[in-house]
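If you want the building blocks of each chain, they are given just below.
Number of protein chains: 4
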Amino acid sequence: MHLGMIGLGRMGGNMAERLRRGGHTVVGYERHPGKRDVDSLEELVERLEHPRVAWVMVPAGGPTRETIHRLGELLEPGDIVIDGGNSHYVEDQKHGAELAAKGIGFVDVGVSGGVWGLQNGYALMVGGADEYVAQLMPIFETLKPEGDYGFVHAGAAGAGHFVKMVHNGIEYGMMQAFGEGYELIAASDLVTNVPDTFRSWKEGTVIRSWLLDLMVRALDEDPELSEIRGFAQDSGEGRWTVQAAVDHAVPMPTISAALFARFASRQDDSPAMKVVAALRNQFGGHAVESAKGADSPGADVTPPQT
Amino acid sequence: MHLGMIGLGRMGGNMAERLRRGGHTVVGYERHPGKRDVDSLEELVERLEHPRVAWVMVPAGGPTRETIHRLGELLEPGDIVIDGGNSHYVEDQKHGAELAAKGIGFVDVGVSGGVWGLQNGYALMVGGADEYVAQLMPIFETLKPEGDYGFVHAGAAGAGHFVKMVHNGIEYGMMQAFGEGYELIAASDLVTNVPDTFRSWKEGTVIRSWLLDLMVRALDEDPELSEIRGFAQDSGEGRWTVQAAVDHAVPMPTISAALFARFASRQDDSPAMKVVAALRNQFGGHAVESAKGADSPGADVTPPQT
Amino acid sequence: MHLGMIGLGRMGGNMAERLRRGGHTVVGYERHPGKRDVDSLEELVERLEHPRVAWVMVPAGGPTRETIHRLGELLEPGDIVIDGGNSHYVEDQKHGAELAAKGIGFVDVGVSGGVWGLQNGYALMVGGADEYVAQLMPIFETLKPEGDYGFVHAGAAGAGHFVKMVHNGIEYGMMQAFGEGYELIAASDLVTNVPDTFRSWKEGTVIRSWLLDLMVRALDEDPELSEIRGFAQDSGEGRWTVQAAVDHAVPMPTISAALFARFASRQDDSPAMKVVAALRNQFGGHAVESAKGADSPGADVTPPQT
Amino acid sequence: MHLGMIGLGRMGGNMAERLRRGGHTVVGYERHPGKRDVDSLEELVERLEHPRVAWVMVPAGGPTRETIHRLGELLEPGDIVIDGGNSHYVEDQKHGAELAAKGIGFVDVGVSGGVWGLQNGYALMVGGADEYVAQLMPIFETLKPEGDYGFVHAGAAGAGHFVKMVHNGIEYGMMQAFGEGYELIAASDLVTNVPDTFRSWKEGTVIRSWLLDLMVRALDEDPELSEIRGFAQDSGEGRWTVQAAVDHAVPMPTISAALFARFASRQDDSPAMKVVAALRNQFGGHAVESAKGADSPGADVTPPQT
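Protein chains in written order, with my numbering: chain D, 14 to 319; chain C, 14 to 319; chain P, 14 to 319; chain Z, 14 to 319.
It is possible that some hints are incorrect.
[Unchecked claim] Part of the chain C face toward chain Z, derived, beta carbon under 7 Å:
#, residue
1, VAL128
2, ALA147
3, MET150
4, PRO151
5, PHE153
6, ARG221
7, TRP223
8, PHE244
9, VAL255
10, ALA262
11, SER269
12, ASN294
13, GLY297
I should point out that these hints are in silico values taken from the structure, not numbers from a laboratory.
Backbone N, C-alpha and C fix where the C-beta goes; we use that ideal spot for every residue, glycine too.
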């Protein structure tokens, strides 16, 4: 097939490359000259065959919104816009409606695969109308991993990014569970062989998983994780998952706890814990430091009598 | 009444003082000379009238255990031992049984009141057999605050410390809720008058409480809590509350979250978050830093494509 | 002062009444005839003195949005619209901007006080520009409780509802902490006197509070809460607090846990726990039921070997 | 090697079978006649070669304690007792010390593998002194899965059960994360193809794992999990993990949330939520049901003014 790829960063560039290797014709555009095949969205649209297919692979939010809006002005009924970035599913629904009003198709694709995607394929989670998804299947077949998995048409417009968002939410919970388990093991004097413990779990256990494999690799490189700071960014998807859960009245204690742990990891000092400390000061007075309730040398482990 | 007070620290000493002011005869003992009236437990026991009453006010754990054991050797059937420290309720049950085997009564008292107790009275939560508690009522009447509240005979031996433990668990949850609310308000540009906001809540609101009063006091002294580090100790009771909940299959998400926030506040770096960061490094590769998925200047807010 | 009150439900009606008792002139309007003084917003606007003050007390969302928009069409520069409902603070910011473009003032007021407000006054949390808030002080003075508390001008437009929202979030955490503490006490055989335990806490303890007072009242009416179903609605504010925390990267484990507990309380069956049960079935096979790992009668309490 | 297997339930019986297929000589005993090779522990001990090896595979707690104590009486210095059940690591430390005082070795083994272990091997997590573990390696080699993984000597006595316990804690967190993700997807109208979504994740995603594979199997059998009740038991290990975290001051928000969700799933009604509902009744009065704050039909979604 022919398609335009807008955004040639690591993800967009590699996906264009995988598509070309698969026999597709890709016209690439990005803002900066260099790798791009055309110098403007207008030119890209002119170069595409009918019905035109434009894959948008730019940052979520403003850049995606503006690109899709501009494509809506340039394209014609029957053409299709794909949003393969990290958009929020509610944005997809707006974009889908905006384009549908002009007869232009919209398909959203949540993409997983990172730096290995070029070689191994990308897991694709797709939302959109059946007719458009069917039309795009040759592209998806090339991008996805070989084998039976790694592709789903999850539902209408927005569904692709929705399930990708939830995938990432689950990922947050799993990573945090590994983190908590590691911390408890590391805190115990009892376990003298931490990396081998995790390595042993790669077979015959309930928790065997790709994340466990990555963890073993990380411990092989740095057995006490001494080179790594306990500081974790969060991406939009984790936040969106929790907010979507709140919107849908879905209890989400584990994934939210994982998100909050990331927030806390980035704080130099916690305002909430300042309050807790201040309150302890208030009701304990200097007693917090000196009240013993007893004359014993062991008194320093005794909590204040509150 | 006559009673012996063992442990003359801030709590024990003040309680002895309040009892004396109330007309009771108190024989005080502690390990270090100075404030003590007698030089040994043996002498204390000799000085008491029958049936003897010995109030133990030493640190929980070893010191309490040893003191009660020694009293069991010195006292006679009909005498009563009171544990007014911070013992775990399971310890109370053991001590009660150990003393009961010798015909000696045992009563546990959870005490709240801190530095204001001498003047305002101590809230008392009492566990033990009806007959012993009835015998001790004159003491409890003097120690408790005036008015209708501040005293409960909650149940058998251990019940006093059990409900005091739960009181403290609830306190953890409440303090953390105030902390989280404060942090959100402080994080918002919208609210320019934080101390007055909390002050205004002292009347007409659902959350009016002594802890809110303390918080207003803390903000009066230090409106941005800039002098206070977000570092909060935890006492045994918070941990015991969560562990008792687990033992009783009681869901306790809020109080446990408050406890875990205290643990985290004391960590320089979080081993769990090292794992999360290490895993992000593993699947993102250098991509975590540089992968944009797009050519836009906004790319730095884009999560890695995972 | 003169003012229009739009929405004469329990809150709006009682507030109008308290204002009249305080000497203000109130023109009331609501959709349904009966209690209303005028038959339309147009008539209400005509009846007010310059500069006009219109207090909107209708449901958040659509009704508030439409009412404010219509007032924007009817009012003139220098007039003031107050939103005293439960609007989201982001809506306030939009409304403030929309009205400011026409020279009309906007003030948002978070109101606490429920059914006792008519008699005891309402706690008011106010957002808006200084000039408008100053103009409205006579109204606020009448509505608020007597004494030094119960009123705050928290910041610009939106700040009033923002701090009211956080107030409710804190309330969620406190209520849940009491609930968890109660449940643990009720689960223990040790405590035979639950209502008296809570009653005793009304004095001399750290957790004394209005919520504790209410809890004692509830236990007086129904000592085992046997007439009450463990089913708790949530209001918008709890959800918004958690979502605002996520937006501001504020860790909020306790308040979110309280919110999720409410969500869960309303479920007949939990889809998440279906998954957990299904997974246990998958890895345990029928073994979940029958695998003992041993020949002992105690085997039924043994977890499957996973 | 020769060894005695005490406890011939599904786990012990299958392990004995796998050992025999691997060329070892196993003397089996259990309380009930039928499958057992000897009629008493005494006879079992007599039948074993020196140094004797006795693998205990009976329920944790009393049965294990009694069996190990009895073996301590029957065995001789140089013999080895293995606890392959689900004992708490603190029990292991006591058993190890008790046997060490008699010169008898003790090794604890956390075993994973369930019903597939006979065929695929069991993941083994081992604690104990080097000399004893070294002696037992032929047994472990036969029991473990083929390949490089599935066995670790994690540390001294207790370390085997400790890391197995943590493994199960991580498992709780992972399962709950999948559950929460599933629930959110199921709650959304957007996703019309839930089973295929999970199936697609088996390749190219971050969350690919054995648990995901099991989940796909469960959804294949019952696409809406309509035959499964959201009711999840918990095993000792989940509780112990949380309690060990509290003992070690390790924050464990995710795994504890997963544990509490299981507790809650088994409640007909939640006492904690009764309190929340009762408090809402108290401050809202009948207002909870009827207070609208407005005259609008949308009022039923408006929270009470609290």
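Hints, one by one, checked against the model:
1. Nearest Cβ of chain Z to the Cβ of C/VAL128: about 27 Å, over the 7 Å cut. The hint is violated.
2. Nearest Cβ of chain Z to the Cβ of C/ALA147: about 31 Å, over the 7 Å cut. The hint is violated.
3. A hinted interface residue such as C/MET150 counts as satisfied when its beta carbon comes closer than 7 Å to some beta carbon of chain Z; here the least separation is about 30 Å, so the hint is violated.
4. Hint status for C/PRO151: violated, given a least beta-carbon distance of 35 Å to chain Z, over 7 Å.
5. Annotation: interface hint on C/PHE153 violated; nearest CB of chain Z at approximately 28 Å, more than 7 Å.
6. With a cut of 7 Å, the hint placing C/ARG221 at the interface with chain Z is violated, because the nearest CB-to-CB distance is about 11 Å.
7. A hinted interface residue such as C/TRP223 counts as satisfied when its beta carbon comes closer than 7 Å to some beta carbon of chain Z; here the least separation is about 18 Å, so the hint is violated.
8. Restraint check, C/PHE244 versus chain Z: the minimum CB separation of about 13 Å is more than 7 Å; hint violated.
9. Given the 7 Å rule on beta carbons, the hint for C/VAL255 holds: about 6 Å separates it from the nearest Cβ of chain Z.
10. Annotation: C/ALA262 was flagged as interfacial toward chain Z, and the flag holds, the nearest CB pair being 5 Å apart, inside 7 Å.
11. Annotation: interface hint on C/SER269 holds; nearest CB of chain Z at approximately 5 Å, less than 7 Å.
12. Annotation: interface hint on C/ASN294 violated; nearest CB of chain Z at approximately 13 Å, more than 7 Å.
13. At its closest, the beta carbon of C/GLY297 sits 10 Å from a beta carbon of chain Z; the interface hint therefore is violated under the 7 Å criterion.
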